[in-house]
Amino acid sequence: MIPTGSDTTATTGEPSPVVAISGVSKSFGPRRILHGLDLAVPAGESLALIGANGTGKSTLLRMIVRLAEADAGQIRVLGETVGGLRGIALKRFRARVGVVFQKHNLVARLSALSNVVHGVQSRQSGPRAWAQSLATAEVREEAMACLDAVGLADKAMQRADSLSGGQSQRVAIARMLMQRPELVLADEPDASLDPRAGREVMELLFRLTRDKGLSLIFVSHHMAHALRFSDRIVGLGRSESGGGIALDRRALHCNEAELAAFFEAPDEPSDNIEPATRPLAVLT
Amino acid sequence: MSLSASPRLAATTDRFARPSATTFIGTFLALALVIWSFSGSELSAEKLIRGVPYMGNILGRMFPPDLSRLDSILWSLATTFQMAVSGCVLGLILSFPLAVLAAEGLSPHPIVRTLARGLIAFFRTVPDLIWALFFVIAVGLGPAAGVLALMIDTIGYAGRFFAEAMEETDKGPREALSTIGASKTGLIFSAVVPNAMPSFIATSLFCVEKATRASVVLGLVGAGGIGVELKVAFDLFDYDTALTIILAVFALVVAVEQIGGSLRRRII
Numbered sequence: 001m002i003p004t005g006s007d008t009t010a011t012t013g014e015p016s017p018v019v020a021i022s023g024v025s026k027s028f029g030p031r032r033i034l035h036g037l038d039l040a041v042p043a044g045e046s047l048a049l050i051g052a053n054g055t056g057k058s059t060l061l062r063m064i065v066r067l068a069e070a071d072a073g074q075i076r077v078l079g080e081t082v083g084g085l086r087g088i089a090l091k092r093f094r095a096r097v098g099v100v101f102q103k104h105n106l107v108a109r110l111s112a113l114s115n116v117v118h119g120v121q122s123r124q125s126g127p128r129a130w131a132q133s134l135a136t137a138e139v140r141e142e143a144m145a146c147l148d149a150v151g152l153a154d155k156a157m158q159r160a161d162s163l164s165g166g167q168s169q170r171v172a173i174a175r176m177l178m179q180r181p182e183l184v185l186a187d188e189p190d191a192s193l194d195p196r197a198g199r200e201v202m203e204l205l206f207r208l209t210r211d212k213g214l215s216l217i218f219v220s221h222h223m224a225h226a227l228r229f230s231d232r233i234v235g236l237g238r239s240e241s242g243g244g245i246a247l248d249r250r251a252l253h254c255n256e257a258e259l260a261a262f263f264e265a266p267d268e269p270s271d272n273i274e275p276a277t278r279p280l281a282v283l284t
Numbered sequence: 001m002s003l004s005a006s007p008r009l010a011a012t013t014d015r016f017a018r019p020s021a022t023t024f025i026g027t028f029l030a031l032a033l034v035i036w037s038f039s040g041s042e043l044s045a046e047k048l049i050r051g052v053p054y055m056g057n058i059l060g061r062m063f064p065p066d067l068s069r070l071d072s073i074l075w076s077l078a079t080t081f082q083m084a085v086s087g088c089v090l091g092l093i094l095s096f097p098l099a100v101l102a103a104e105g106l107s108p109h110p111i112v113r114t115l116a117r118g119l120i121a122f123f124r125t126v127p128d129l130i131w132a133l134f135f136v137i138a139v140g141l142g143p144a145a146g147v148l149a150l151m152i153d154t155i156g157y158a159g160r161f162f163a164e165a166m167e168e169t170d171k172g173p174r175e176a177l178s179t180i181g182a183s184k185t186g187l188i189f190s191a192v193v194p195n196a197m198p199s200f201i202a203t204s205l206f207c208v209e210k211a212t213r214a215s216v217v218l219g220l221v222g223a224g225g226i227g228v229e230l231k232v233a234f235d236l237f238d239y240d241t242a243l244t245i246i247l248a249v250f251a252l253v254v255a256v257e258q259i260g261g262s263l264r265r266r267i268i
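Quick note, the sequences are listed as chains S and G, same order. Note that the first sequence covers residues 1 to 284 in the numbering used here. Note that the second sequence covers residues 1 to 268 in the numbering used here.
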């Protein structure tokens with residue numbers, strides 16, 4: 001079990017958290033990934049999820065937008081109970097959450113601008129949302145502004161497959177901005193990039209969400225990014241309970257190497273033996 | 001260090017693996033099938049030898065090709081090509097929605113997908129000449145029947161390849177679009193179609209080539225085009241006109257294949 005963000009909510013007197021996860025469990029076959037996880041993310045917070053591979057970080061993000069289903073527990077996001085959403089309600093809900101993937105997931109044969117225009121499909125359907133050439137003047141203008149926000153206005157007409165990894169990820173961020181999200185999730189946005197491009201992408205994500213006062217939940221294996229771009233770090237471990245531990249970045253007096261050591265992957269993850277999470281006390 | 005194998009090592013390696021009992025029986029059955037098939041075809045050396053002078057005779061009577069009816073031949077060749085293009089275009093237009101229904105991940109329901117795939121497979125497995133016979137009865141003699149037959153033939157082919165091309169597109173952009181909250185049509189036209197486009201165009205060009213070849217014989221059953229001219233020429237023992245028709249068809253098919261091939265190479 002990890003401490004929820006409810007204490008933060010209480011002290012600042014803010015309304016209900018943007019994401020409220022309570023008692024969520026998830027197993028893949030015999031392997032228990034999450035067990036009775038509680039987590040709340042207040043509005044405007046940047047939360048880093050860290051942990052070894054297979055501890056359920058990505059699964060947790062996917063469950064928030066219902067790309068994966070929780071076995072038990074409740075997930076409330078932006079005032080909606082995610083588990084009960086179907087059809088059009090689910091589409092409308094997903095439209096409110098921006099997701100940045102590890103792989104940028106751009107349409108390779110279309111221009112950067114067309115890819116950004118696709119973001120408008122959160123609120124507009126029909127041919128005018130399919131490509132920049134068909135889009136309305138307002139949509140094109142907004143898409144250009146989004147590209148400008150990620151510093152790629154000059155690459156608008158370049159085909160996505162001609163962009164570098166870092167540029168592609170920035171276009172994906174522009175597409176996410178075009179969506180006008182109320183919450184942003186990022187699943188290892190820095191993973192397939194070189195150190196510099198990875199840092200630029202994280203900086204951009206952090207700055208843009210902070211400027212708009214949006215909550216950001218990101219998964220990263222770069223401890224430096226977790227420390228630098230979050231208000232709070234939640235580490236998911238392989239524990240008896242399957243839960244994780246939460247660390248307040250501001251109360252954290254360790255360097256990245258020490259932080260990484262706490263969440264190092266066991267050499268051979270086993271289905272049966274789940275090593276206990278290392279105690280939180282060591283950190284502070 | 002030299003890599004030449006020692007002769008003793010080579011000798012100990014079996015040249016052939018001993019066939020298993022099933023391989024042996026399978027080979028035997030395959031051979032039996034071939035022999036049985038030839039026995040049914042009534043093809044014999046004697047027949048071939050007796051036929052050679054006739055073949056020579058026909059070929060002799062074909063030369064020189066008779067060009068007196070060339071302009072009417074070229075006109076019906078043009079009709080044939082018109083049939084091929086229009087049948088193909090109609091088929092390609094109808095292939096797309098059917099392919100969406102048949103594509104895994106895009107089809108609204110597994111039952112719909114099975115039905116769509118079944119229909120496409122049915123269109124493909126029934127030969128075009130049979131479709132032509134059917135449409136000649138349905139809409140009467142003439143090019144319209146040919147166009148419909150070519151349309152069905154094109155759906156059978158393009159429907160399958162369109163569906164496969166869409167299934168093979170990158171899953172990432174589709175997932176991105178669905179997390180944006182895009183509709184199914186939005187997802188198909190923004191994420192799937194652009195990435196499948198080169199494959200669509202290559203398939204379409206190939207369909208035009210295929211339809212051109214197919215359109216030539218459709219006339220034999222009265223479905224319009226140059227096939228009927230060819231049939232009449234043969235029926236009247238007018239072999240030199242027949243040769244002109246055959247050469248004209250050959251020129252058309254080769255031209256379409258060459259142009260189609262070079263366009264496809266340029267796109268892929």
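If you're looking for bench data, these hints aren't it; they were derived computationally from the structure. Since the structure is predicted, the reported quantities are computational estimates derived from the model, not experimental observations. Misleading hints may appear alongside valid ones.
Here are the simulated DSS-like cross-link-like pairs (lysine-lysine), alpha carbons at most 27 Å apart as the crow flies [unchecked claim]:
1. G:231 with G:47
2. G:184 with G:171
3. S:103 with S:91
4. S:103 with S:212
5. S:91 with S:212
6. S:103 with G:47
7. S:212 with S:155
8. G:171 with S:91
9. S:103 with S:155
10. S:91 with G:231
11. G:171 with S:155
12. G:231 with S:103
query: Can you give the numbers of the hints that this structure goes against, from lowest to highest?
result: 6, 10 and 12
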